[in-house]
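Novice: Numbering (the working numbering) for the sequence shown: 19 to 1100.
Hints should not be assumed to be uniformly reliable.
Dumping the calculated DSSO-like pairs for lysine-lysine here, alpha-carbon to alpha-carbon at most 30 Å [said to hold, decoys possible]:
no. : residue 1 : residue 2
1   : Lys-470   : Lys-395
2   : Lys-496   : Lys-625
3   : Lys-684   : Lys-606
4   : Lys-625   : Lys-569
5   : Lys-77    : Lys-129
6   : Lys-775   : Lys-821
Just the calculated beta-carbon pair ranges, DEER-fashion [said to hold, decoys possible]:
no. : residue 1 : residue 2 : range
7   : Ala-878   : Asp-739   : 40 to 46 Å
8   : Arg-733   : His-830   : 47 to 53 Å
9   : His-478   : Gly-84    : 57 to 63 Å
Just so you know, these hints were derived from the structure itself, not from any lab. Ideal Cβ placement from N, Cα and C applies to all residues, glycine included.
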Amino acid sequence: MLKDLGWGHAPRALAWAGQCQQQQKVHGTWMDLSHRFSKEELALLYEEVLYTILHRLGKPEQQHVGDSQELYSYVQKAFGMDAEEHSVIMQQVMELESPIYCLKATVKEAKGILGKDVSGLSDPYCLLGIEARSQEPAHPDHRKRMKAVVKDLIPEDQIHRTQVMNQTLSPVWNETFILEFKDVETASFHLDMWDSDVVESMRHKLGELTDLHGLKRIFKDARKDKGQDDFLGNVVVRLKDLHCWNDQWYQLEPRTETYPERGHCHLQFLLTHKKRATTSSRTQPSYTIHRHLLQQLVSHEILQHQAGSTSWDGELSSHASTVLYLHATQKDLSDFHQDMAQWLAYSKLYQSLEFNSSCLLHQITSIEYRWVQERLKPEQKAELAESFQSLLTYGVSLIRRFRIIFPLSVPRSTDRLQSLLRVLVQMCKTKAFHELCTPNPDLPQMVSTALKSGTTEWFHMQKQHLKPMVKSIEENSKALFKLLLEVIEDLKQCQKIWNKLFTTNLKLNIFSIAYLELESLVAEHVQEQLHKVDSSMSRPTAESLFDLYRKLQELYQMKDSLPSRDGPLALSNFHQWFEEALPLWLQKAYTTTLERAQRAIQMDQLKPYGYHKHSTSTVDLSTCYAQIMTTWQQLNWPDPEKAFMIMVNLLEDMCKISLMYCKLIKERAEALSLSEQNEGEAANKLCIVVNNIEQLRLLMLKLPLQLDWAQLEQRMKGIIDPQQIQNALHNQLDSTVACLDHEVQDVVQALATKLEKGIARHIQELSSTSDTQKPEDSIIPLMKFLESELQYLNEHLVQENFKSLLTLLWHHTLSVLSAARGPHVPSVQHCQRLFCALKSLELCFHAEGCGLPLETLHSAAFQALETHLALCSATSRKLIQKYFRNRIQQQVGGSPSPIPHPTLAHRPCLRKCGISPPPSQSWGCWGRFCHSVEQERTQCIPEDSSTSWYPKTPSEPLPGPVHPLHDGDKGSILILVPHCPAGHQLREVRGRDRQSSVPAFGAETPCGSAQRHQPHPSGLQRLQRPLRAAHPGAPARVPRGGGPDHPVQEERAAPPLRRSLRLLDPPREVPAGGGLSAADRV
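Let the hints inform the model, and build the full structure from the sequences given.
Specialist: See the structure below:
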């Protein structure tokens, strides 16, 4: 039957609610929860409603139905009467005596009336009554009768009078009168307002005089009869123009046009019945009949609602509203009794039909607003108290089974439960509940108890529903897993949805109540099912137990949302129930990862994966490791010591898989290279292999952070020695990473070996290049080879491996260049080619900071090779210049720089020229290569050896005879020869090559020769001026002889080394004033 009433969406509710005719015990009393009436009761109620429609009064409201036939048809359907039953009862109603029609008129107040007294005020009162005959507006006597006063139209015994309100223009009466009439079509209501006139002395009237208008009233009163009242206005209303209930302001009409504006009067009308002839009206209270009528019509409305009873919001149709409105007005039910009748009807219907309880909130609020206990009879109080207790018990029973009654799968379930809670809370707060229901029940305590018992019932129902057909450990584990799914989902709903409703209305934490109940029930049930589990379980059983462990862990972790708790929970040591299955779980993780890694390597074609430089097998292995990390996080073993052992096992497994991966991926690369028989493809495979291993190495280095070893070590404090943690975890990881580094270096070395042959071949070709070819052109093949190979490797190797490869190639290149210079003395052109190759390779391997850093490039071997090649490729003039400068620095106290040391090839030439070679220990090593050789030579010594040179701005007196400077490249000797008595002349004596004879030292050439060997005269003057400035006390030295036949005598003022270096120094300008700088003075 409940299903017919709209409960089809909640089949489980039928099991506990039962049929509508069932009895329920409320506080020890049995009461009928059915809204149905017996056939006799229904017939009497139908008679009542037909009588109400037949004798309706007043104009229908806009929202009501005006056609009586429509109302008859509606109530016939609502009461389930067939045509014959309707005709019989209708005939009986028509034979009943008509009721006495009454107009309940209430004179409330008036405003803006005329002031008839001398004081400008009035003493108003009203006369009112019903005129039985009424004229139509078109009748000739209508206007005359409208102007007539009540005394002239209505018999004196039917006239009603209000009290006199003294001295006011806004009187307030609030007096109600019952006026009977027979025919609503002909009757009219009349009201006259008068100013009461009491006989007063002239002196009293003059005392109240305030203005000339008052004096005029005195003269007017003197002309009228003593004690005659003044007319203030009247109101005439035809009853057939009234609604059942009217409340409005009416304008007071004058009898003459002297004062048309006479103010307004506030009247309220209600058309009612007296002495109704129906059986129900004679035997039952009006509000009881009205409540029964409400029950019947609301039941019909709910049944007709398309969306089902639970979504009905209490809004009645216009037909039902019209019938109930007519009955309430005809029975003259007060607002309080109407609210009470509605409350009794709706609260009882709610226990049967389960519609939306929001409509109850309006009635209980209205009862609280209008509650006056003295207006209720004892039987009414008992009936209201019974409705309170019945609804409270029923509402708590719904809350106990809220998971079934208000399922979230049904729309607006949360709104319905919230509405019920609000109704119960509001009902328990009302004055009526506290006065009628003693002792007052504790609603929060009742609801808390109901929630606990309801949660237990729901758990056992779910356990019974999910009970496996076959009783085995595996099936029991699956059933427990499903049960935990339901429990966790229910707790999440309690926490996210239901908790807000109960906290807002009752200050109850339903999540805390449900969790504490379910947690203990789950712990007891799981322990009962797992007591037979041992280490001999099968693999599927272990997997099902792992799922069960995770769900128990999730359930236990929800304890953090509890506001507070006393003592440990039943699930505190749940992990101990699964210790037998733990080794199987770890073995499963290892074997699964190993199989996936092997399968990934077998399917890997060693090609770049997308935009990455590693292949697919590394991606698969990363996924496998991520799964192991997830397993560790899912386990989250509470016991710290056991958790440490789990971590050690997982790390060992990952290290084994990593080393196995290195071995298999290299075998896979070798197999693919053999099948393709292509040297370039083999290099490609090696690049992918080294990138894969490097990616794996990086993955292993991230393990401490991803597995949160810091937290684990924090938990291990005081339990396990830190050194043991270091040995078991960090050392093992470092060892594995070192093995991976070694594997990377082996593969990089293999790639480097393939390139070393090409580099050695190109450097050998460079060494054998003809001396006529420029060094820049000779290194082009080598640089093209490196450019193509290194560009390819840079694209296919990750940055770390590429730099490792560059390091190996750089060291190999340096060794090849060192070997290429040979054991014998090389030619200058050969050294220049090698030096140019070295500097170009340095730039190539540095690559503007993108390659190897300069610290790596400038190794000891590089510096030694660079120094050797720079000296071997430099001219003798440059070497001697460096040597002299170093000696000057030693003389002024500076730290000496490496001294260029002439090779054995230069010493014979020096001896031939008459120059004593300096001792070997004073020459040092060869100077560094200078990029600006040509620029320095231009500034210091002219490039063309055929041109005699001299210092442009000498800074000190010329010394005595100097040794000639030997140019190793051209075999020429530079000497100072006398030119004139005032100075020296630097001459160049050309010699032949090293095999030819060299002119003796001191040989002269004619001064008058046409060769450009003599200095410009101004140069001599510039030379002598700074000499004198440097030695102002010394007499000027003028060479003996003034021509080419008189050689210049030696001067021993300064060491020969400084004299010679001064000749090689770059030109300086003389400071203003003829003085010398500090450097020149030194």
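Novice: Hint by hint, note whether the structure agrees.
Specialist: Now for the hints, and whether the structure bears them out:
In summary, the hint linking Lys-470 to Lys-395 is not supported, as the alpha carbons are separated by about 40 Å, beyond the 30 Å threshold. Of the pairs offered as hints, the one joining Lys-496 and Lys-625 is violated, with about 44 Å between alpha carbons and a cut-off of 30 Å exceeded. Among the hinted pairs, Lys-684 with Lys-606 is consistent with the structure: their alpha-carbon atoms are about 27 Å apart, no more than 30 Å. Using a Cα cut-off of 30 Å, the hinted pair Lys-625 and Lys-569 is violated, with the two alpha carbons roughly 42 Å apart.
With a C-alpha separation of about 28 Å, the suggested pair Lys-77 and Lys-129 falls inside the 30 Å cut-off, and the hint holds. Taking the CA atoms of Lys-775 and Lys-821, the gap is near 19 Å; set against the 30 Å cutoff, the hint holds. Separated by about 45 Å at the C-beta atoms, Ala-878 and Asp-739 satisfy the suggested range of 40 to 46 Å. Between Arg-733 and His-830 the CB atoms are about 51 Å apart, so this pair conforms to the stated range of 47 to 53 Å.
Between His-478 and Gly-84 the Cβ separation comes to about 59 Å, which falls inside the hinted range of 57 to 63 Å.
Going down the numbered hints, you'll see the structure goes against 1, 2 and 4, while the others check out.
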